[in-house]
Amino acid sequence: MVNGSSTTVTPAIAIDTLRFNYGAKQVLHDISLDIAPREITAFIGPSGCGKSTLLRCFNRINDRIPGAKVTGGAIRIGGIDIARPDLDLQVLRRRVGMVFQKWNPFPKSIYNNIAYGLRIHGEKNRKLVDERVEYCLRRVALWDDVKDRLHSSAFGLSGGQQQRLCIARTIATKPDIILMDEPCSALDPLSTLKVEELLLELKKEYTIVIVTHNLAQASRCSDKTAFFYLGKLIEYDATQKMFSNPSVRQTEEYVSGAFG
Amino acid sequence: MDNPEQLIRKGVHHTALKEGAVKGFLGGLTWGVVLVALLIFGKICWDGVPTLLKPEAPFVDIGFLTKETETLHVFDDSAGTRHSMPASEYHAWVDKNGSAAVFNEQTYAYSGGGIAGPIIGTALLTLLSIVIALFFGVAAAIYLSEYAKQGRFINLVRLAILNLAGVPSIVFGLFGFAVFVLAAPVFTGDPADRTLLAIPLGFTYLSFQGWNSSLIAGSATLACMILPVIITASEESLRAVPQGFREASLALGATRWHTIRKCVLPFALPGILTSSVLSLARAAGETAPIMFTAAVAAKELPWANPWVMLQNQVQALPYHIYTLAARIPTSEYTQRAQYGSVFVFLMMIFIFSALSMFLRQRVRSKLKW
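Protein sequence lines, in the order shown, are assigned to chains A and B.
Numbering-wise (our numbering), the first sequence opens with residue 13 and increments by one.
Numbering-wise (our numbering), the second sequence opens with residue 497 and increments by one.
Since the hints were derived computationally from the structure, they do not count as laboratory data.
Take the hints with a grain of salt, since some may be wrong.
The calculated DSS-like cross-link candidates involving lysine-lysine, where the alpha carbons are at most 25 Å apart (straight line), are [claimed, not checked]:
#, chain 1, residue 1, chain 2, residue 2
1, A, 186, A, 159
2, B, 758, A, 120
3, A, 159, A, 120
4, A, 139, A, 114
5, B, 758, A, 37
6, A, 139, B, 758
7, A, 81, B, 645
8, A, 136, B, 758
9, A, 114, B, 758
10, A, 186, B, 758
Chain B stretches covered by chain A per the calculated footprint, using a threshold of three residues with CB under 8 Å from any CB of chain A [said to hold, decoys possible]:
#, segment
11, 732 to 745
12, 755 to 767
Here are the simulated distance ranges between beta carbons [stated by the list, open to error]:
#, chain 1, residue 1, chain 2, residue 2, range
13, B, 671, A, 140, 52 to 58 Å
14, B, 671, A, 242, 30 to 36 Å
15, B, 674, A, 35, 40 to 46 Å
Beta carbons are placed, not taken as given, at the ideal position from N, Cα and C, and that holds for glycine.
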């Protein structure tokens, strides 16, 4: 295993020999990697390699799955071990946002979809909420499309718009890290392109970790890429190096399309 | 093709005969059942409609729906004319004409006046029971589908709840009688002799002496009866809400309860309410659970204030029909009350069912994800 993060910056997420089980089945084997702040890190690998599982560990959303648990190692976000018993899970999830594979806006209005997160965290000031909603929608380049129908259902938007709305919803709570679980896998190429442009724009402010099946997407927009295979981290390096000159043969086979 | 003549049938076609026989048999049975059902409904409507509906405006016999139940007096006057009138009118008539003017008098209990008492009683029983059942049922469904650790034990609990839905209603009636009528706790300064246990609290006693036969005991019994259906239907509605909503809400930092309250329950509620309307129809229609726990054949309106009302027996439509059918002799004078009550009752159930179907249709078209 090659650890490619040679920077001296404090990592946004530090994973230390992490082991993870679904019941008796171990799905992550001693994963260690550091994710640098304000970069896009892509997780690639064939289906079932554990990349989504790892991503879902970062905001502990895996907690809801019966039998799923970390059996060894630790994840530190900003230096704090997120498995601590005194961890405030609600604050962790506010600071580590997540965008899902299938866009899942709530069956509420566009406005309320974004205001939801703010209201959870106790924001009652109408004006502040209004401002934040507009800011978030502008941020995801959706404002001009929806400003006249903020109070109509989010389901009236196209798939790509709905996914961007979900991203807006995520940044509404001012996270530091955004986790994306195959955000474009169900989108058409044009919508995918828009989301990718958005990612490049967002990385100026946020640390982004993206799980993707789309190798071209990883090579287009990520700074670092981690390749997983059968629950193990095979290689982790700068994206350019991973795609042009990987150190491990398996990585080379995968990125060149020999398997996966 | 060799021998294309094989395609042409010769002689009697046995297969077609057999097919026809099976089709005829199954069809005959089906239409037989339909015919019997139609006959029952037809008879009820034929005899019930004249009681409730009138040819002239306002087309509905309002008196039948709004008057109290009374004894029907049938008699001849001195001129030989046959009169039939409810007790109140009869007494006025006797006051005016003297009792000597009454000949060949016959009385029919519960057959005069209207059925306001049973209608109000059934409405109260049903509404109260649905409120109780929804409170406990939705709480249980939320726990089972959202909080409980899924596994063998919870599946066993689910199975038990499902089986409870199949228990005969008379069993619920006896259960309600034993628990709510005879053993439920009340606060009283003066515990009854038959109390199971009286715990002194200083200023009063907590006495396990039951709520007597009363509106609240009947409603609680009915609630127990419809509870399994409500729990099962509520759980299904909760499960129908996509997991994505829950995950998205949790991922934004919402607590579990907040997620349920804002992102799951509102979208499950239409389904829950739709199925509870059906339970409403069932609760309104059952006689056995309220026989020993709440219902009484005759009761005067009005029933005082709500607090007293809760502790009192009520009339109820299904029980009223039972009384009319089983306790009094049938004659041409009792038909009006008998078929009228059944017809009103049937209409009530029909409206509930139609409402439920309409709601379900609307909810389905409105909530899509």
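Now the hints, each set against the structure:
1. 186/A x 159/A: 21 Å, holds
2. 758/B x 120/A: Measuring from Cα to Cα gives roughly 11 Å; hence the hint holds.
3. 159/A x 120/A: 16 Å, holds
4. 139/A x 114/A: Distance ~31 Å between residue 139/A and residue 114/A Cα, so the pair is violated.
5. 758/B x 37/A: 35 Å, violated
6. 139/A x 758/B: 22 Å, holds
7. 81/A x 645/B: Cα-Cα ~15 Å, so holds.
8. 136/A x 758/B: Status holds; Cα separation ~16 Å.
9. 114/A x 758/B: 20 Å, holds
10. 186/A x 758/B: With a Cα-Cα distance of about 21 Å, the restraint between residue 186/A and residue 758/B holds, given a limit of 25 Å.
11. 732 to 745: Answer holds; 7 residues pass the 8 Å Cβ test.
12. 755 to 767: Answer holds; 3 residues pass the 8 Å Cβ test.
13. 671/B x 140/A: 52 to 58 Å: 55 Å, holds
14. 671/B x 242/A: 30 to 36 Å: This hint is violated: roughly 57 Å between Cβ atoms.
15. 674/B x 35/A: 40 to 46 Å: 45 Å, holds
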